[in-house]
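Visitor: Protein chains in written order, with my numbering: chain A, 1 to 289; chain B, 290 to 655; chain C, 656 to 1012.
These are computed hints drawn from the structure, not numbers from a lab.
Check before you lean on any hint, since a few could be wrong.
To be verified - So these bits of chain B aren't anywhere near chain A, every CB distance computed over 10 angstroms:
id: 1; residue: Glu320
id: 2; residue: Ser328
id: 3; residue: Ala375
id: 4; residue: Ala419
id: 5; residue: Ser606
To be verified - Only pairs whose alpha carbons sit at most 30 angstroms apart, straight line, appear in this in silico BS3-like list of lysine-lysine:
id: 6; chain 1: B; residue 1: Lys416; chain 2: A; residue 2: Lys203
id: 7; chain 1: A; residue 1: Lys126; chain 2: C; residue 2: Lys779
id: 8; chain 1: A; residue 1: Lys42; chain 2: C; residue 2: Lys903
C-beta: ideal position from N, C-alpha, C; glycine also.
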Amino acid sequence: MTGRGRRNLFAAALVSVPLAWTIVFMFAPYAIMFTYSFYTKKFPMFVPDFQFGNYLMLFQDIQYRQVFVRTFKIASIVSLVALLLAYPVAYCLVFKVHSRKIRMAIYMAIIVPLWASYLLRAYTWKTILGSQGVLNSFLVWSGILAEPTPLFLYNQFSMVITLVHIFVPFMFMPIFTALEKIPRSLLEASKDLGVGRLGTFLKVTLPLSVPGIVAGITFTFCLSFGDFIAPFLVGGPDGFMIANIVQSQFGTALNWPLGSAISIAILAIVLLVITLSDRLERAGRLDLG
Amino acid sequence: MNIIELRELTKSFPGAGRVVDNVTLNIREGEFVTLLGPSGCGKTTTLRLIAGFEYPDRGSVRVSGQDVTELAPYHRPVNTVFQDYALFPHMSVEQNVGYGMWIARAPRAEIAARVIEALRMVGLQEKAKARPAELSGGQKQRVALARAIIRRPKVLLLDEPLSALDAKLREAMQVELRHLHQKLGITFLLVTHDQTEALVMSDRILIMERGRVVQDGTPPDLYERPASPYVANFLGTSNLLRANVAGQDGDVLAVEAGPIRLRVRMSRRFEKTEKVTLAIRPEKSALMTNARPDPGRAVISGRIIDHLFQGDVLRTSVDIGLDTPFLIDTQLASSGASQRLPPTGSEAQISIDEASIIIFPGWSGS
Amino acid sequence: MRSLAHKIRIFGTVALAFGVGAAMVPTALKAQEGQLSLLVWEGYADPSFVKDFEAESGCKVQATYVGSNDDFAPKLAAGGGVYDLLSVSSDAAEVLVRAGFVEPIDISKVPEWNNIYEAFRNVKSINVDGQVWAVPFTWGANPFLYRTDKITTEPDSIAVMWDPQYKGKIGMWDDKSMLYNAARMLGIADPFNMTDEELEKVKAKLIEQKPLVRKYWSTAGEVINLFASDEVWISYTWGGLMLNELGKQNIPVKEFTPKEGADGWNDNWMIAKGSPNMDCAMKYINYMMSAKGQCGVSTVTGYSATNPVAAKTCMSPEEFKAKHQDDIDFVGKLHMWQAPPRIEEYTNAWNAVKAAP
């Protein structure tokens, strides 16, 4: 075999691993789920069929609309709060911390929780926000509250807090990267041209960090949209999200066809968000060359 | 009238030490002044201290009679052309140029007129709608210039503005900058490490070394009367010969450098055996063609190492028995010397214009 | 961050990181021979009696817990060969039989079979197509539990779960049986056979209750935690089990049976289809039907035994009486769980309650 032949074979082998991975773990499951979504539920399980009843159900039965809207709302709030938290931190880190060592140390401190178990982090919030939790104990001890308030846990507030905490690194990382890429000379040029700090931020820094913001919102929104653990652990009676419906359709309801149809709908929404964000980013595509 | 006055300006950076060391200087209105020096000599930091991007540890900056040391960049009547141009990638050329006026809420019509005027000044009016990414390096340079002059600053600061351009374009831009300076009539302060750039464009050159200004003068001044071996070798090239004074007889000074003995006209008094450094320009030296030297020329002998063809100039290295070879530049166009070059390895006599030899006390580099 | 493909790639990686982790769990528990894998309610594989079984039989026991009868079918539907033995309530047994998820039982290999209360042996849903599919081993009532230090007068009706006084302190089980309880409170004659109209009424009643509810819980551990951490003062419970555990933690709680009646249930052992551990499975069933197993479960959970002959040898006379072992008519007073014929509408109704704002 020639050297080139061997190289081609090697390249093919290298590509085939991720390709096979994608087919086996991504396309195959989605293809199966897509097929199921046209089946019909029949006691005790379901039978092969081709009909759109499962999709129609999503529009006919108000419960699915209610939960889709709620999930959309929660995911939006989580993205917004995460943005409001992550942006100033990333900004200060990039522009106000001059020591590279300290900057990287803080960066890691923000990223490291990603390596901690999701469940552990969610449970931690339970112990903080509970009626006898750390927060309530402090508020009662300091005399701010006469007695513990149940308002912190088992509602949408606690879900938002938990989801923000879990997903904020996904907002932080792309914003940090975008800000770090802005040449310092652009900010100096702005000031040189007579524009103050606020003007420079609004007209130069912010527009140039838009790609990072868009990427961060995309991550955070999509991850929160598909979450089912936060509602389960820290959510209350009004915390049922769309992924919980999927879980219950595949689980207790034994209605895999409907569960599949909802999953395909979620996939469609997520792909739509990703496409939109890509468009948005491309529209404001900035070449820093 | 002085437009810029620096007084005892000092700035240190952690790890880099004193980058600007007690600099005091004046720049007159309308001058084209260049800060020249190798990288790390403090010239860019000096410029940034004037622009307001750095805050000095000590000393003061006055622009147009006003102390601006404490002012933010956006309150100083100066504008900068950045080394990397620093064009805003998300704005078109006209938005870049009009940026400052736009934020200051100047009337639209006025902005439009001034933008066109500035772009016309740099010859780029047809690119008003383009994005920076669509421009060539030279065009970006012009946008950066237009943007910096639109507010009619008292001083234009240029930080190595031509370093990213190729040689041809750089030469053209040198001329254009010179013209722009004449047209605008404002003060230009240029920072560069390129001596040719400095010599071509400036009214006055300030040479910096390790945070200090070591010489200040017009280009011919500096070239012909360098104050130190450092300047002699930085502006153009000089053969620096370490020598000892052998004796002095009236105006004639006898010096020895290893096997070489020279007699130089010199009014200044030296001690016998005092260490001196001789600076001899390669272009003031020649390979001797006659058997006898012309009057006023000293002669040393050596062996040809090689010839370097540099287009209009031929540079010949000659081993004269010292640590470093002696360089001779011959203008080719005038003499057609390439036709009768002595071959490599052959003996040669070098004649030197005695009047051009400069003597500095002490040995350079020790 | 630049291209769509890149973004999808990152997103995919993240999604996989979450997804793959979840997918790994069942495979890790794949049934092996000699390793008996149980899918059971909490309390049915307690070390206090499992240790002896492992020593006697040479079979190793590993347990996975369910939080609802609705959990069995999906877990089995996700693929066979993972679990050997299931503890299923009678009302949920028939689905598993019909779906072909379980093996029939050879009762000739169950020596204690004839000592089991007839009422449980003869339940229709475990006798399908002329074969026996399950061995009944325990039964009980599901009362309500409340904190005696917070609620000083003993409630007597399910209506207490709608008392605004206890807003934010009410716990409900995340299970369709909440529909039966609400129906009973509304005076609906047959909660297992509700008309659409009745089902709507029940649904509305439960949605009306939502602002008062602190949490729909899923496991015994969770509801114990809710009581212990002062999140919940009153909740539906599985009887006995939660009371015992909270008692150990010195939390002042008490059970009460509402005047509308309590849910009654009985649990059965079933063998998963294709179990490679048939032998160990039968050994475990027989062990659980013996005195050691009957009293073992009863002690841990507080539930009653289905084999009074065996129970009599290991319970004190007081305990025997308290657990209604001599009074099988008590079972008749309970509202024994049944599989609603219109199970899908019920499941859908309960989901709609949870989905409502």
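Visitor: In ascending order, which of the hints set out earlier in this document are inconsistent with the structure?
Guide: Numbers 3, 7 and 8 - these are the hints that the structure violates, sorted from lowest upward.
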